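> Okay, here's what each chain looks like letter by letter:
4 protein chains.
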Amino acid sequence: MKKNNEIKKVVLAYSGGLDTSITIPWLKENYGCEVIAVVGNVGQDDELEGLEEKAIQTGASKIFIEDLTDEFVEDFVFETLKAGAKYEGKYLLGTSFARPVIAKRLVEIAHREGADAIAHGCTGKGNDQVRFELAVKAFDPDMEIIAPWRTWELKSREDEIEYAKERNIPLPMKEDNIYSEDRNIWHVSHEGLDLEYPDTEPNYDNFLKMSVSPENAPNTPTYVTISFEKGIPVAVNGEKMSGKNIIKVLNKVGGENGVGIDDIIENRLVGMKVRGVYENPGGAILYKAHEILESITLDGDTQHYKDVVSVEFANVVYNGKWFSPLREALSAFVNKTQETVTGEVKLKLYKGNIINAGVTSPYSLYNEEFATFGEDGVYDQHDSQGFVNLYSLSTKVQSMMKKKLKNNSMTGNTL
Amino acid sequence: MKKNNEIKKVVLAYSGGLDTSITIPWLKENYGCEVIAVVGNVGQDDELEGLEEKAIQTGASKIFIEDLTDEFVEDFVFETLKAGAKYEGKYLLGTSFARPVIAKRLVEIAHREGADAIAHGCTGKGNDQVRFELAVKAFDPDMEIIAPWRTWELKSREDEIEYAKERNIPLPMKEDNIYSEDRNIWHVSHEGLDLEYPDTEPNYDNFLKMSVSPENAPNTPTYVTISFEKGIPVAVNGEKMSGKNIIKVLNKVGGENGVGIDDIIENRLVGMKVRGVYENPGGAILYKAHEILESITLDGDTQHYKDVVSVEFANVVYNGKWFSPLREALSAFVNKTQETVTGEVKLKLYKGNIINAGVTSPYSLYNEEFATFGEDGVYDQHDSQGFVNLYSLSTKVQSMMKKKLKNNSMTGNTL
Amino acid sequence: MKKNNEIKKVVLAYSGGLDTSITIPWLKENYGCEVIAVVGNVGQDDELEGLEEKAIQTGASKIFIEDLTDEFVEDFVFETLKAGAKYEGKYLLGTSFARPVIAKRLVEIAHREGADAIAHGCTGKGNDQVRFELAVKAFDPDMEIIAPWRTWELKSREDEIEYAKERNIPLPMKEDNIYSEDRNIWHVSHEGLDLEYPDTEPNYDNFLKMSVSPENAPNTPTYVTISFEKGIPVAVNGEKMSGKNIIKVLNKVGGENGVGIDDIIENRLVGMKVRGVYENPGGAILYKAHEILESITLDGDTQHYKDVVSVEFANVVYNGKWFSPLREALSAFVNKTQETVTGEVKLKLYKGNIINAGVTSPYSLYNEEFATFGEDGVYDQHDSQGFVNLYSLSTKVQSMMKKKLKNNSMTGNTL
Amino acid sequence: MKKNNEIKKVVLAYSGGLDTSITIPWLKENYGCEVIAVVGNVGQDDELEGLEEKAIQTGASKIFIEDLTDEFVEDFVFETLKAGAKYEGKYLLGTSFARPVIAKRLVEIAHREGADAIAHGCTGKGNDQVRFELAVKAFDPDMEIIAPWRTWELKSREDEIEYAKERNIPLPMKEDNIYSEDRNIWHVSHEGLDLEYPDTEPNYDNFLKMSVSPENAPNTPTYVTISFEKGIPVAVNGEKMSGKNIIKVLNKVGGENGVGIDDIIENRLVGMKVRGVYENPGGAILYKAHEILESITLDGDTQHYKDVVSVEFANVVYNGKWFSPLREALSAFVNKTQETVTGEVKLKLYKGNIINAGVTSPYSLYNEEFATFGEDGVYDQHDSQGFVNLYSLSTKVQSMMKKKLKNNSMTGNTL
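Residue numbers (the working numbering), protein chains in the order written: chain V, 1 to 415; chain G, 416 to 830; chain B, 831 to 1245; chain P, 1246 to 1660.
With the rest of the complex left out, here is chain V (with noise of 0.2 Å):
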């Protein structure tokens, strides 16, 4: 670990909230260091006005804005998607694979400014510091790391006020109580406040940033298609467009219909349970139908072991290994099984509900002669006795056996 003194110019991890908006002129108080400022954009566009003036004004000496949506789309949410993977079942990661996105542009430019550190404002509570970290490693093993929240001295929102206000650092336009909140192109997330309560009902209405509560979606459905090339989303309802476009389309019409909207209580990488609720509302439609279009193109032993897959896929991301010769080897598996995943899923969205309105695929492998009840060319019945008979040998020699020790005993023959 370098000294203090060593640190001349730190790049840091910035929002323009509380948090890193203090942690520049603690750096420099604390380091005598220059700090660069490098704001992600992965999608939370109307947080970004405002962040140049902000950051210079709060003694940043640069700032970078980086438009990271398109490769988060495309490399990140999509390769996930693709893997079906969903944390504990149920989360769809918007924030596990955001930190690595943004680490490995951090380190591009620590080391095209030539700076000595890289700084973030996660907090020493959660799993974000380490996927802040584990990707600035992969790409650095060398670069220093200054994660202020885990040595300061500020421990409540109400010290950072303080320290914010004594140094003219302008505050974010919030109100007292908010939860807490963290948001880009996939997805919103909301913890805090009530929601640390598990016994307690939540009031969407309080919080929702993308979608209306169930009761508040329109008492008439709407129907969406989507088209899949090879596991990617190509288009909406026939429109091809970028995943980037396809996703605001979706979340659009999802976060209207009130779908995607989930509370969870999650097993944190840190060791504690925290509870949270997501909005995802174009990532549930394009799971769903994701899900849909592979149910009638992969045959049942791929799709079994990808759901195996998917679960190992899911905790490598959760925690903070995106940048691993593991979920490489994982998305090798999964890009190799998307090969015929290409056609098209028409959905029903209706409060809350995404429900199934047809698949098609000329990759298809439900083949109707043999689904059927009635007679057909292809299925022979006769086949199955000899099926049930051989896949049933093992339980009758087991039977065999426990019938013969019963027999034994009965006669008083002992083994």
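Worth flagging that the hints you see were computed from the coordinates, not collected in a lab. Hints should not be assumed to be uniformly reliable.
Have a look at the derived ranges for each label pair, beta carbon to beta carbon [claimed, not checked]:
| hint | chain 1 | residue 1 | chain 2 | residue 2 | range |
| --- | --- | --- | --- | --- | --- |
| 1 | V | ASP45 | G | GLU654 | 49 to 55 Å |
| 2 | V | THR360 | B | LYS1074 | 43 to 49 Å |
| 3 | V | ASN219 | G | LYS667 | 22 to 28 Å |
The structure displayed is predicted, hence computed values, not measured ones. For each residue, glycine too, the CB sits at the ideal point set by N, CA and C.
Chain V is fixed; fit chains G, B and P onto it per the hints.
Same frame as chain V, but now just chains G, B and P:
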């Protein structure tokens, strides 16, 4: 295999439907045997009326109507609920475990009555033949099994009706064009007709039996509270009741609110894909409640590995191996995990949605102190520095290796 | 299924042994068809002599002897070696992947020659019929497959000999009482006779073909060094050679030192347990070397998950699904992990033992600095305090819960 | 965390080695506390001599030498043997489960003696600190844990010797250059010195304690027969004896024949790779015997899934989570599978080889009738036709899909 003329008495799994009705004369004509009809009541109550008279009229020498509902619920349904097992992530296995409970009783009756064989009406294309026959063999490896569908000359519903008319067998009062349906206390499944085409949107109003579609559900939500003891539901809205009654009550309230309807394309054991719509109103509520309760009462490690075990549990049950050493060992695992799964879950039912409205347990591992964002006495954020450093050690070592290789190649050193 | 008289030309997987020899006249007599014999050479070299003449003499219209050894080694054996796949933890799959490579060529020849059907000599009790037929169907779903063993009237070796004599078919020069054997460049398997009784100690001297027993191996060890590039063996003792030659060289030195003999009771796909003794002298050496090399070149996460994937890989191959989307996706995973599996492994062979004698790799993740017991500059032991504290957090929370419950019950508080 | 002056009495896990010897004065000097030394005897018998006197002389107020060997063998070693658990496929976990059994007793003594803290001598680089502390926290979440190695100023063996000399602490009679060793009734592990370099061939003669190398083993084989009841070894060569004595007897005969020596590069929980040589003569024999017995007493499904569970069991134990709900649930699974694992296994030991020499069990599922090549009454080869047809159905459907696509593209039809 026995010769036809060695079969003197056959126990037939009888439902009163067209298939098993014509099986009675068919067995008598082909084997010259006595036929004992056995009906396993697993909660398909209204389908049982008039069966006694009908069986005798069709040629059976006796009929036994066995009430297996409590055994079915306690030993099969709840055992699977505790496992959280869903086939291919969705199907609650309603038909899968109904076959073994009936088959077990068939063997008992066959032994008591001195029958030479057991007959069933499952087709040669489905999973049920496998489930039936494995269960029979588990209890008696030498019992002869007769599966007329796999061998007889009748190839379609029309053939069957003709066959029945020739023998004056009373035809069931069913319309010509009907979905194929399997019903018990836990679920109703629907297959056939337009459902055989995966590009078709199903018209739920045409076939739903236990539930209304989300559109037809009331505009105001219903709240329901489920209490569990060691993973088993014991009360609804604070009122203790039997397992059977819990399911009935929840089927009613769930069905009214349109929850638990699933449209699935699944992979059958016998190799083809089929599409079915399942109604599991009570089941969906119980699974969701159980899952929420586990999210605060199981530690992360156990929860994650139980998710893995759960997939295997579902496969084993779906594939007909209920009575097997593996299923029993999986249940031993599951039951051990359920020792602390005691508590109450409140849910909000609204037009197809089942929404978490709060959970409590004396065994809760959710610790607000740890989960909070502010200062606390139990979690020292300095610990996370060390945690992240060691957790990322392997990543760092890999990154060091790559850097060294890169430097070597830049300086012209070869490996 | 085609009728007998629709079959005009059959391609037969021919070995020159008794079974496939009598299949030629049997096919001609039963189908009135032309029979083309095809021998797939996968390294069973000495068994190939005189086959051409013999096939024609037995009634085949043509014979093709196809050298598949290189394809077998490069595309099947090494692909599986990279996966580290062993069925039930032991069996190196020598027969399992020999069937598909041959079946693929059979389909190619059948298409080229305009044949109506493919015939094989596998019995109805084994795995090979499954492996053959799945591979055929993977390349041509409509190809007729004829498996005489499952249908003909010959029930024993004596019946076959009688059948052969009646038709003047030259009998193989084999003693009466012989073990059933399958041989190729990768292995020899032995089954039958006293091996069918699991309480019997096998007398290796009676049947070993590639190796001597450990007792008969030399009293001084032999050292051998294997070089790998991306998981593939490329040199022995520093000398580059083809895959085929590497296996031959290692079979020789391994066989002389009695390594790679395994006595296994395995579970066949068709439901029964069988016992076999396998000789894999070269295979055992390559697997051990590859495993040691991976232990320094794969990170822990990848190594652990690859172990899981490896089990599935072995099952898929054993069960005849080499040509399947799942096997291809598993290979994609495996190949991604092998990018750094480059280096050298030295082994000591001594009377059945294969002993690690040192490993090196430019991609080594083994870092002496970290591994040392003494002081070092890279690992700060203070980090472990934080690591242990967070790693044990979940345990601590559970323990706190139990303590609270216990205290409550001691003070008379009920939950 | 308690302040130093709040610690009045410390229970120390004491071994009499240099590390834990200097810990006594270090604790007294740094905390001003009383130190109670506790030795957990898990079979390292000869290391226990003179410990009582030595501990008092070094400054401990009391010493308890606790014989935990039976508990260790019955509740930890055999529980793991039944699971068949080996970490990374090889390591028999000898050190991993020795830590929890000792830690449990430490907590009991700390409670009885009213101690404020528990201290251990594990370094900050190893797994043992984790295993110790998790076990302590499982029994008392609030117990203070002191790990001097992570905090003190002593950085090398030389520092420690200096520290000891200054305080007149008797130094252990060990040579300067020694391998680091951990010994109990189940195993001895060796690390350090030249073993730290993976390119080095170890000279076994320099360090083996329980065994001779294969070269030094006798030229004639030794046979040994092990009897199991429900997965637990109960007799050797027909003679019933305690678990402890079984291990002792097998260690002797196994050690003499050079079996159970393993040279492993393993992945530690704390992120680095280390190399160690393990001696497990008795363990290797018991694992092999148990595995052979399972191969005839477990059905294929159970065997395959138990192999999966076994990997998790090993990871959980290696990573210090013996006392955890997950380990207990895994044990419940395992124990259920062991109900029929009763029988006898004969093994031939010869110069490092453990060779199957026959197995018998009253619960054997190995059925010679099915396994035979000739005619039999139980297995109808015609069944395999149907089996193969259905088993390959999914492959056929995929192949049909591909053929249709190919034909369409050849005829110019687009999808």
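> If a hint holds in the structure, say so; if it does not, say that too.
Do the hints match the structure? See the list:
no.: 1; hint: ASP45(V) to GLU654(G): 49 to 55 Å; verdict: 51 Å, holds
no.: 2; hint: THR360(V) to LYS1074(B): 43 to 49 Å; verdict: 47 Å, holds
no.: 3; hint: ASN219(V) to LYS667(G): 22 to 28 Å; verdict: 24 Å, holds
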